[in-house]
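Q: Each chain, written out:
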Amino acid sequence: MTDHAIRVSSHKGEPRVSPIYDPKVRSIFFQILTAVIVVLVTWSISHNVSVNLARANIASGYSFLAGRSGFDIGFAMISYSSDSTYGDALLVGLINTILVAITGIFTATIIGFMIGIGRLSRNWLIAKLCTVYVEVFRNIPPLLVIFFWYSGVLSSLPQVRDSLNLPFSMFLNNRGLAFPKPLWGDGAYLILVAFLVAVIATLAIAMWAKQRQMRTGKQFHTIWAGAGLIVGLPLLTFLALGAPLSFDYPIAGRFNLSGGSVIAPEFVALYLALSFYTAAFIAEIIRAGIRGVAKGQSEASFALGLQPSTTTRLVVIPQAMRIIIPPLTSQYLNLTKNSSLGVAIGFPELVSTGGTTMNQTGQAVEVISIWLVVYLTISIVTSLFMNWFNAKMALVER
Amino acid sequence: MVDANASYVRREMLPAQPAPIATSNVVGWIRVNLLATPKDIVLTILALAALAAVVPPALNWLFIQASWFGSDRSVCATVVQGGIQPDGWKGACWAFVKDRFVQFIFGRFPLDERWRPTLVIIMLIALLAPMLIPKVPRKGLNALVLFIVFPIVAFFLLHGNVFGLERVETPLWGGLMVTLILSFIGIGVSFPLGILLALGRRSKMPVIKTLCVTFIEVIRGVPLITVLFMANVMLPLFLPVGWTIDNLLRALVAVALFTSAYMAEVIRGGLQAIPKGQSEGADSLGLGYWQKMRLIVLPQAIKLVIPGIVNTFIGLFKDTSLVSIIGMFDFLNIVRLNFTDTTWITPVTPITGLIFAGFIYWLFCFSMSRYSAFMERHLDTAHKR
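Residue numbers (this note's numbering), protein chains in the order written: chain R, 1 to 398; chain U, 1001 to 1385.
Among the hints, erroneous ones may be present.
[Stated by the list, open to error] Only pairs whose alpha carbons sit at most 25 Å apart, straight line, appear in this in silico SDA-like list of lysine to any residue:
{"#": "1", "chain 1": "R", "residue 1": "Lys218", "chain 2": "R", "residue 2": "Pro308"}
{"#": "2", "chain 1": "U", "residue 1": "Lys1209", "chain 2": "R", "residue 2": "Ile95"}
{"#": "3", "chain 1": "U", "residue 1": "Lys1209", "chain 2": "R", "residue 2": "Thr34"}
{"#": "4", "chain 1": "U", "residue 1": "Lys1139", "chain 2": "U", "residue 2": "His1159"}
{"#": "5", "chain 1": "U", "residue 1": "Lys1039", "chain 2": "R", "residue 2": "Ser301"}
{"#": "6", "chain 1": "U", "residue 1": "Lys1303", "chain 2": "U", "residue 2": "Ala1143"}
{"#": "7", "chain 1": "U", "residue 1": "Lys1039", "chain 2": "R", "residue 2": "Ile317"}
{"#": "8", "chain 1": "U", "residue 1": "Lys1039", "chain 2": "R", "residue 2": "Thr34"}
{"#": "9", "chain 1": "U", "residue 1": "Lys1139", "chain 2": "U", "residue 2": "Ser1372"}
{"#": "10", "chain 1": "U", "residue 1": "Lys1039", "chain 2": "R", "residue 2": "Gly305"}
{"#": "11", "chain 1": "U", "residue 1": "Lys1039", "chain 2": "R", "residue 2": "Phe113"}
{"#": "12", "chain 1": "R", "residue 1": "Lys128", "chain 2": "U", "residue 2": "Asn1311"}
{"#": "13", "chain 1": "R", "residue 1": "Lys24", "chain 2": "U", "residue 2": "Ala1282"}
{"#": "14", "chain 1": "R", "residue 1": "Lys128", "chain 2": "U", "residue 2": "Leu1239"}
{"#": "15", "chain 1": "R", "residue 1": "Lys128", "chain 2": "U", "residue 2": "Leu1034"}
{"#": "16", "chain 1": "U", "residue 1": "Lys1209", "chain 2": "R", "residue 2": "Ile45"}
{"#": "17", "chain 1": "U", "residue 1": "Lys1090", "chain 2": "R", "residue 2": "Val160"}
{"#": "18", "chain 1": "U", "residue 1": "Lys1204", "chain 2": "U", "residue 2": "Ile1302"}
{"#": "19", "chain 1": "U", "residue 1": "Lys1139", "chain 2": "U", "residue 2": "Ala1036"}
{"#": "20", "chain 1": "U", "residue 1": "Lys1276", "chain 2": "U", "residue 2": "Leu1287"}
{"#": "21", "chain 1": "U", "residue 1": "Lys1292", "chain 2": "U", "residue 2": "Ala1143"}
{"#": "22", "chain 1": "R", "residue 1": "Lys128", "chain 2": "U", "residue 2": "Thr1044"}
{"#": "23", "chain 1": "U", "residue 1": "Lys1039", "chain 2": "R", "residue 2": "Leu164"}
{"#": "24", "chain 1": "R", "residue 1": "Lys24", "chain 2": "U", "residue 2": "Ile1296"}
{"#": "25", "chain 1": "U", "residue 1": "Lys1090", "chain 2": "R", "residue 2": "Asn165"}
{"#": "26", "chain 1": "U", "residue 1": "Lys1090", "chain 2": "R", "residue 2": "Leu164"}
{"#": "27", "chain 1": "R", "residue 1": "Lys295", "chain 2": "U", "residue 2": "Leu1034"}
{"#": "28", "chain 1": "U", "residue 1": "Lys1292", "chain 2": "R", "residue 2": "Thr34"}
{"#": "29", "chain 1": "U", "residue 1": "Lys1209", "chain 2": "R", "residue 2": "Asn387"}
{"#": "30", "chain 1": "R", "residue 1": "Lys128", "chain 2": "U", "residue 2": "Ala1053"}
[Claimed, not checked] Over 12 Å on every C-beta distance to chain R, these chain U residues come out as not near it, computed from the model:
{"#": "31", "residue": "Asn1005"}
{"#": "32", "residue": "Pro1056"}
{"#": "33", "residue": "Ser1071"}
{"#": "34", "residue": "Leu1157"}
{"#": "35", "residue": "Val1168"}
{"#": "36", "residue": "Leu1180"}
{"#": "37", "residue": "Ile1360"}
Hints in this document: simulated from the structure, not taken from any laboratory.
Computed from a predicted model, the values in this text were never measured in an experiment.
Every residue gets a Cβ at the ideal spot worked out from N, C-alpha and C, and that includes glycine.
Could you build the full structure based on these sequences and the hints that come with them?
A: Written out as structure tokens, the structure is:
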């Protein structure tokens, strides 16, 4: 509006508005001022950092990553020893972060769906129990939930000597859950190949079934066919190869268990805590999503003669997903970020191994920059994937 | 017109229908809400079985078997563990919570000086209560005292070194006091900062917009722990040689900046929901940018996103527990410190302490969410048709 006034006045040849009140001049002035302040602050910070680092005799740069780490990690998915490098230690941490994030997301989604649907149940008791679950877990810090599982529940498990004997030669004690370690024989990789083939075949069948349904309206039981393929094909391969599988059973010794694989209690505590905590938030999202679908939709579906279960599957859920997906994405990211709380109970995820590296080498700036880059990459990749999924699910309007 | 002999006209009286099944009395309520369908019956039975399996042992553990009185670990340990309880005893150790309660609140604050944090808490309640009750007048003055005068007074009271008060260094501060300080300052700083960031993100000036977007997205993309580590390790590096920065202040900076990024996104949601006509109306009245925002846009936008703002506050309150990872003794960490103390170490002490800490956190967060629901109803003046 002010622009207009200026133009009118400049037509007359005598500008009545001074440049101080011209929004464009002001905007440019403020931007230059901001840029100058930012540059000055950045310069002074980098100057201080270099001076401080020089005083502490710390060489900057990432060459420390190739150095020998010298610390052990109790829970590593790749081969790692104290002779490995710092880079390996950080990689072990990253893999553990991703492992706990994926398993946690999987479990939290299942629990969250059950609790969320439970809160909408017409059964008063179920609805109230689910409400209590949500209100309890939403209002306590995730760190406390982790400590609760770790020092409250898992530490009160028996010592190694008095391990609980579970079926299938599994042992439960305060050092974790020991279970038989599968030893795959020759040709076992074919089972994995068969699994991948089954997955691809299932996807192809799903596409074909959808096209045929679009063309002819005939439905195909993709779920059953796919489940049969994914379970059956690897199983057949397994049997055809003559069952190349044996187990290394854990054996209870006097002070320790030997053999088998052990899931560390730190992992279990972190995984359970994150799953239970995030499930409360996911439940609320699911509930809001399902309640967000207009009642007329399911009424119209009943009017067309669809069964309640079909209505839920084909009418309500697809529309609810559109409301659910964006907040669900941010919950998945929250869970991934919260996995960094493992540092508090000594689970070797990225922040934990990075913290040890930082203490040993003093390369604070570099380690923190690695953290930032890794977490930002995880965030961006997850967001991109979920945006793609969301765009696929979104309402196609005319 | 009416053909009384038509075949569709009924000639005899119908038998009386049975009375509809009552739904209003207790039996009816149970039938409708618990036993409506076979599936519901199964679910109800399963839920009742689960409750029966969990609730009585839990109550037994929490209250009946619990050990309430005593001054050391013997009251919570069995004979084998060196205590007085019979073998196989299991129960909560409330004696521990009672014994250490004062420490949970004040941390390691010197014993003789604890009247100072007590006074601060009384002042906080006296200022906060009228702020939260909508009917009490003079909200502006109240806010000024609460957010400007009170923090300064509280700082000098707690830290001392003036008016003959003994100096108490921040490493001695601890417990619920530190949790509340972090939350209060975090809320007080992140709210205005979040508004500024949200306005900056919607600004038409590219430089300012880029800065705000970068800040918000970077902070939201990383966990709070990395921000805390950054503040703890890198902030001292950022300062000129010879400057030091207090540990508590580092944590405060980290928590406040972290929360302000989330706050900015919540407020941006509110700003986007305000129709453009409001802003244009303000322009046509000749209001400047800040007047327009302060008087027209922000009051409407903030009212819309109160639940989101309070959720961010709740998140902040819960997140203060993370400062224990950088070695500060907030409420959660002081509870953990106490249950590893040899005076009280028993198998049941950790879980009792954690349940107590969880209950206190729950109490604060749940009251915040209830208050936000109340405020939402109270401020819901428009859009009612």
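Q: State for each hint whether it applies.
A: Going down the list of hints, with the structure as the test:
1. Our distance criterion of 25 Å between C-alpha atoms is met by R:Lys218 and R:Pro308, whose separation comes to about 20 Å.
2. Under the criterion of a C-alpha separation no larger than 25 Å, the hint pairing U:Lys1209 with R:Ile95 is inconsistent with the structure, at around 35 Å.
3. For the proposed pair U:Lys1209 and R:Thr34, the alpha carbon gap of about 11 Å is at most 25 Å, so the pair holds.
4. Distance restraint check for U:Lys1139 and U:His1159: the Cα-Cα separation of roughly 29 Å exceeds the 25 Å cut-off, and the hinted pair is therefore not satisfied.
5. For the suggested pair U:Lys1039 and R:Ser301, the alpha carbons sit about 22 Å apart, so the restraint of at most 25 Å is met.
6. Taking the CA atoms of U:Lys1303 and U:Ala1143, the gap is near 17 Å; set against the 25 Å cutoff, the hint holds.
7. Taken as a hint, the U:Lys1039 and R:Ile317 pair is honoured in the structure, with Cα atoms around 21 Å apart against an allowance of 25 Å.
8. For the hint linking U:Lys1039 to R:Thr34, the alpha-carbon distance of about 64 Å lies beyond 25 Å, and the restraint is violated.
9. With a C-alpha separation of about 17 Å, the suggested pair U:Lys1139 and U:Ser1372 falls inside the 25 Å cut-off, and the hint holds.
10. Proposed proximity of U:Lys1039 and R:Gly305 is supported: the alpha carbons are some 22 Å apart, at most 25 Å.
11. Only pairs whose Cα atoms come within 25 Å are accepted, and U:Lys1039 paired with R:Phe113 is accepted, the gap being roughly 18 Å.
12. Simply put, R:Lys128 and U:Asn1311 have alpha-carbon atoms about 22 Å apart, close enough for the 25 Å limit, and the pair holds.
13. Between R:Lys24 and U:Ala1282 the CA atoms are separated by roughly 19 Å; this keeps the pair inside 25 Å, and the hint holds.
14. A hinted pair counts as satisfied when its Cα atoms are at most 25 Å apart, and R:Lys128 with U:Leu1239 does not qualify at roughly 53 Å.
15. Proposed proximity of R:Lys128 and U:Leu1034 is supported: the alpha carbons are some 12 Å apart, at most 25 Å.
16. Taking the CA atoms of U:Lys1209 and R:Ile45, the gap is about 22 Å. The hint holds against a cut of 25 Å.
17. This hinted pair checks out: U:Lys1090 and R:Val160 have alpha carbons roughly 21 Å apart, not beyond 25 Å.
18. With a C-alpha separation of about 21 Å, the suggested pair U:Lys1204 and U:Ile1302 falls inside the 25 Å cut-off, and the hint holds.
19. The suggested pairing of U:Lys1139 with U:Ala1036 is violated, with an alpha-carbon distance near 51 Å, which exceeds 25 Å.
20. A C-alpha spacing of about 15 Å is found between U:Lys1276 and U:Leu1287, which places the hinted pair at or below 25 Å, so the restraint holds.
21. Taking the CA atoms of U:Lys1292 and U:Ala1143, the gap is near 22 Å; set against the 25 Å cutoff, the hint holds.
22. For the hint pairing R:Lys128 with U:Thr1044, the CA-to-CA distance comes to about 12 Å; that is within 25 Å, so the pair holds.
23. Between U:Lys1039 and R:Leu164 the CA atoms are separated by roughly 36 Å; this puts the pair beyond 25 Å, and the hint is violated.
24. Only pairs whose Cα atoms come within 25 Å are accepted, and R:Lys24 paired with U:Ile1296 is accepted, the gap being roughly 23 Å.
25. Taken as a hint, the U:Lys1090 and R:Asn165 pair is honoured in the structure, with Cα atoms around 22 Å apart against an allowance of 25 Å.
26. Distance check on the hinted pair: U:Lys1090 and R:Leu164 sit about 19 Å apart at the alpha-carbon level, within 25 Å; holds.
27. Taking the CA atoms of R:Lys295 and U:Leu1034, the gap is about 23 Å. The hint holds against a cut of 25 Å.
28. At most 25 Å may separate the alpha-carbon atoms for a hinted pair to count; U:Lys1292 and R:Thr34 meet this at roughly 22 Å.
29. Among the hinted pairs, U:Lys1209 with R:Asn387 is consistent with the structure: their alpha-carbon atoms are about 23 Å apart, no more than 25 Å.
30. Of the pairs offered as hints, the one joining R:Lys128 and U:Ala1053 holds, with about 17 Å between alpha carbons and a cut-off of 25 Å not exceeded.
31. Distance check for U:Asn1005 against chain R: the nearest CB is about 37 Å away, which clears 12 Å, and the non-interface claim stands.
32. Distance to chain R confirms U:Pro1056 as a non-interface residue, since its nearest Cβ pair spans about 16 Å, more than 12 Å.
33. Listed as a non-interface residue, U:Ser1071 keeps its Cβ farther than 12 Å from every Cβ of chain R; the least gap is roughly 23 Å.
34. For U:Leu1157, the shortest C-beta to C-beta distance to chain R comes to about 28 Å, beyond the 12 Å cut-off, and the non-interface label holds.
35. Every CB of chain R lies more than 12 Å from the CB of U:Val1168, the least distance being 26 Å, so the non-interface label holds.
36. The claim that U:Leu1180 is not at the interface with chain R holds, since no C-beta of that chain comes within 12 Å of its own (minimum 14 Å).
37. With a minimum CB-CB distance of about 9 Å to chain R, U:Ile1360 fails to clear the 12 Å threshold, and the non-interface call is violated.
Hint compliance for this structure: hints 2, 4, 8, 14, 19, 23 and 37 are broken, all remaining hints hold.
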